[in-house]
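Visitor: Line order of the protein sequences matches chains A and B. As numbered in my numbering, residues 1 to 271 make up the first sequence, in order. As numbered in my numbering, residues 272 to 521 make up the second sequence, in order.
If you're looking for bench data, these hints aren't it; they were derived computationally from the structure. Be a bit skeptical, because a hint or two may be false.
Unchecked claim - Rough simulated footprint, nothing fancy, chain A against chain B, three-plus residues with beta-carbon under 8 Å: (1) 411-420; (2) 423-437.
Claimed, not checked - Here are the in silico distance ranges between beta carbons for each label pair: (3) B:Arg509 / A:Asp95: 48 to 58 Å; (4) B:Ala506 / A:Leu218: 54 to 64 Å; (5) A:Asp198 / B:Glu494: 19 to 29 Å.
Just so it is clear, CB atoms sit at the ideal spot from N, CA and C, and this is done for glycine as well.
For reference, the chains in residue letters:
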Amino acid sequence: MAKIIVVTSGKGGVGKTTSSASFASGLAMRGHKTAVLDFDVGLRNLDLIMGCERRVVYDLINVINGEATLTQALIKDKHCDNLFVLPASQTRDKDALSEEGVERVLKDLDAMGFEYIICDSPAGIERGAVMALTFADEAVIVTNPEVSSVRDSDRILGIIQAKSKRAQDGGVPVKEHLLITRYSPKRVELGEMLSYTDVQEILRIPLVGIIPESEAVLHASNQGNPAIHVTGSEVSEAYKDVVSRFLGEEVPLRFATYEKPNLFKRIFKGR
Amino acid sequence: MSKLPAPGALEVKIATVVAVAATLHDTDLNVIDAALSHMTSGDSGFFDGEFAVLDVGSITAMPAASVINWAAVVELFRHHGLNPVAVRNATSSMEGAILAQGLSIDTSIARPRAEVAVEAPPPVAAAVPTVGNNVGVPMIVDMPVRAGQRIYARNTDLIVTAAVNNGAELIADGSIHVYAPMRGRALAGASGNVDARIFALSMEAELVSIAGVYRTFDDGYPEGVGQQPVQIRLAGDRLDIVGLQAATKS
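Next up, chain A with everything else stripped away, as it sits in the complex (with noise of 0.2 Å):
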């Protein structure tokens, strides 16, 4: 049974798209079969952070509408062997995505064999939102460490625990992972950014992980490569550690504090 796993945060620009990237691919990269979705209909990026425009030629909502099959819509990542994107339309809107519709296209990747299928989520709590967390599994909940994000992904997570298709039948409910990105410990120590502990408080979730604020994403999204590809980068190691995390392993929590760099590194690193 593939799992589905919606990667939400309500808030806007926050990361969900470039973490939906690095997810996805960490999770092939370990060789599990992996599609990842855009649900974000008419505003589509999902296709320009993995670096697969230029190839797109049929959408979600043409699989949806029967205008296209699956096999003839999913672009093959040229990253990962196992992974799987299936963008959306740039010229629909949202409402043409339609709840049997979305179903359809998951119980028709799960038989393609897909072991995981990540859910890129728009920002909001409208019907592209409300359309990728109804039949999630699991879900990731991308937050800043700034207040308004964080209010949101409370927002979010309140309308996962309605509106989720688990919630609505009384199944087993959608389980949450609180992933904290832009983090800076170096702002958190003086006070200007919330920690990741102050923002746990309110959101009562496990943390499956924490991206450090970052030029390099910034790079990798121009170059249409994942962060995660980014070998070495800070960045690529975070979200190594949330695949392992999400995976089950005990990974030691890194980038979360902040370490007075000595004389040496603050001349040569100028930061």
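Chain A is fixed; fit chain B onto it per the hints.
Guide: Quick look at chain B alone, frame taken from chain A:
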């Protein structure tokens, strides 16, 4: 409920009104008059025309009950600012006289009637009308209440054992207890119960209200109650926020 098929002229639906239940423990109207005066301190605005349901279950066994002057009873309550509309737990022999005064017979609560003639208890304590309490098993919520969620405990108290986040709303006709940080809004006594209270283990609320009287905390919390255990009650038309720490120290 379906509406009557009378297009335009009239609409009939189920409505709920707030009323006071006044339980009589004495048949002597002078004693009742004294008790009502004591309760209102002579202020006819105290009850402010509130509907009243008179519960006579405790006095039906008394010999004087069968000759109650219902006109005088109605007049007496009206004088003190209560508007009697119905009578509960009356015997069938009393019903004729009750109905003749334009009062209704309320059969919604059946209370066990006194089997034996009861001696009229001492005046002051006896005839004190009791205000109807919100009965019912409290609603208990164990999950964190998240932004945008609203919980309404109808006709009962609300108990929450996990955090109530900013942007969440707790509403109860009875009292509200939060055994965790209370950050959102808490509205107790939502249907008008002025005796409802709010209890919180850590006072961090955005807004609190009892029976419609509300308070926000833009300028911060009163001295010493922010993030502390508190009890909030209505004192007249003001909300009193009292730290609970003192109560735990002897």
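Visitor: If a hint holds in the structure, say so; if it doesn't, say that too.
Guide: Taking the hints in turn, this is what the structure says about them:
no., hint, in the structure
1, 411-420, "holds (count 6)"
2, 423-437, "holds (count 4)"
3, B:Arg509 / A:Asp95: 48 to 58 Å, "holds, 51 Å"
4, B:Ala506 / A:Leu218: 54 to 64 Å, "holds, 58 Å"
5, A:Asp198 / B:Glu494: 19 to 29 Å, "holds, 25 Å"
The structure meets every hint from the earlier list without exception.
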